Amino acid sequence: FPVTIGAESSGKSTLAYNLKQRYFRISTLIQESGRMLMSHQNLNRNHFEDFGLKQYSNIFLNDQNCYRPFQFIDTDVGITSLYCDEYLNLGFELEILQRLRVKEKYDFYLVLAPNVKFVQDGMRIHEDQKKREEFFNKVLNYVQKSGVPYKVIDQSDYDERFNAAVEVLESVFDLGETK
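Numbering (this note's numbering) for the sequence shown: 85 to 263.
Read the hints as simulated data drawn from the structure, not as lab findings. Owing to the predicted nature of the structure, the values given are computational and were not obtained by experimental measurement. Beta carbons: idealized from backbone N, C-alpha and C, even for Gly. Misleading hints may appear alongside valid ones.
Pair ranges (Cβ atoms, derived) [to be verified]: (1) Phe108 with Asn221: 27 to 35 Å; (2) Arg109 with Leu174: 40 to 48 Å; (3) Asp191 with Glu217: 21 to 29 Å.
Straight-line Cα separation of at most 25 Å, BS3-like style, residue types lysine-lysine; simulated pairs [claimed, not checked]: (4) Lys189 with Lys104; (5) Lys138 with Lys187; (6) Lys235 with Lys215; (7) Lys201 with Lys222; (8) Lys201 with Lys235; (9) Lys138 with Lys222; (10) Lys229 with Lys214; (11) Lys229 with Lys187; (12) Lys201 with Lys189; (13) Lys187 with Lys235; (14) Lys201 with Lys214; (15) Lys222 with Lys187; (16) Lys222 with Lys189.
Given these sequences and hints, build the entire structure.
Structure follows, in C-alpha cells:
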C-alpha cells in the first residue's frame, strides 16, 4: 500500500483523497486518525498513543476486511511518532508507538515536500517555512531508514502534484484499467 507523508500542510490528505477518487474501483482511503481525534492543542502523551493506536487499527482492520486490493493511507504511525516529538519535545519515541511502527509494512511512500502554501487549520504548529523544511527532513530521514521505496513529490501546484503521484504509482504498481 502507498502512504502519503510529509510535513504539516503539505497536501497529504488532499492527495490521498484525490488518489482514492481516481482509483475508486480498486481502492479505499485510510484517513489520518490524529486529525479526526484532535480537539485541542493541549496534547499529551496519551493523545498521541491514542492517535497511533487508532491509525494502526484503522489500517489493520481495513486490510483484513476490505474487498478492494489497494489502500491509500494518509500518514502512518511512524509519522505520528515524529509529530509526537515535535509537539511534546520528548526526545524519545513512546513505547507503544515504537511497537506499532515496527509492525507496519508498506509498499511505497509518497513523500510530500513542504512547498505548497501553508494553510492553518488551528492545530498546526509549523507556519514558519524553515520549521516545515526541518520537519520534512526528519520525515525523509525516517523514510530512508525504513528501507521502503519512496518518491518525493515536490511540485508546488496541487494538480501537478497529483499528476506526478499518479505517474509514480502507475510505474510502481499494476493498477490495470482503474480509471
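Hints and how they fare:
1. Phe108 with Asn221: 27 to 35 Å: With a Cβ separation near 34 Å, Phe108 and Asn221 satisfy 27 to 35 Å, so the hint holds.
2. Arg109 with Leu174: 40 to 48 Å: Check passed, 42 Å falls within 40 to 48 Å.
3. Asp191 with Glu217: 21 to 29 Å: holds (27 Å)
4. Lys189 with Lys104: holds (20 Å)
5. Lys138 with Lys187: holds (14 Å)
6. Lys235 with Lys215: holds (21 Å)
7. Lys201 with Lys222: holds (20 Å)
8. Lys201 with Lys235: Measuring from Cα to Cα gives roughly 20 Å; hence the hint holds.
9. Lys138 with Lys222: The hint holds at about 23 Å.
10. Lys229 with Lys214: Given that 25 Å is the threshold and the Cα spacing comes to 23 Å, the pair holds.
11. Lys229 with Lys187: holds (15 Å)
12. Lys201 with Lys189: violated (31 Å)
13. Lys187 with Lys235: With Cα atoms ~22 Å apart, Lys187 and Lys235 stay inside 25 Å; holds.
14. Lys201 with Lys214: Status holds; Cα separation ~13 Å.
15. Lys222 with Lys187: holds (20 Å)
16. Lys222 with Lys189: With Cα atoms ~19 Å apart, Lys222 and Lys189 stay inside 25 Å; holds.
When held up to the earlier numbered hints, the structure conflicts with hint 12 and nothing else.
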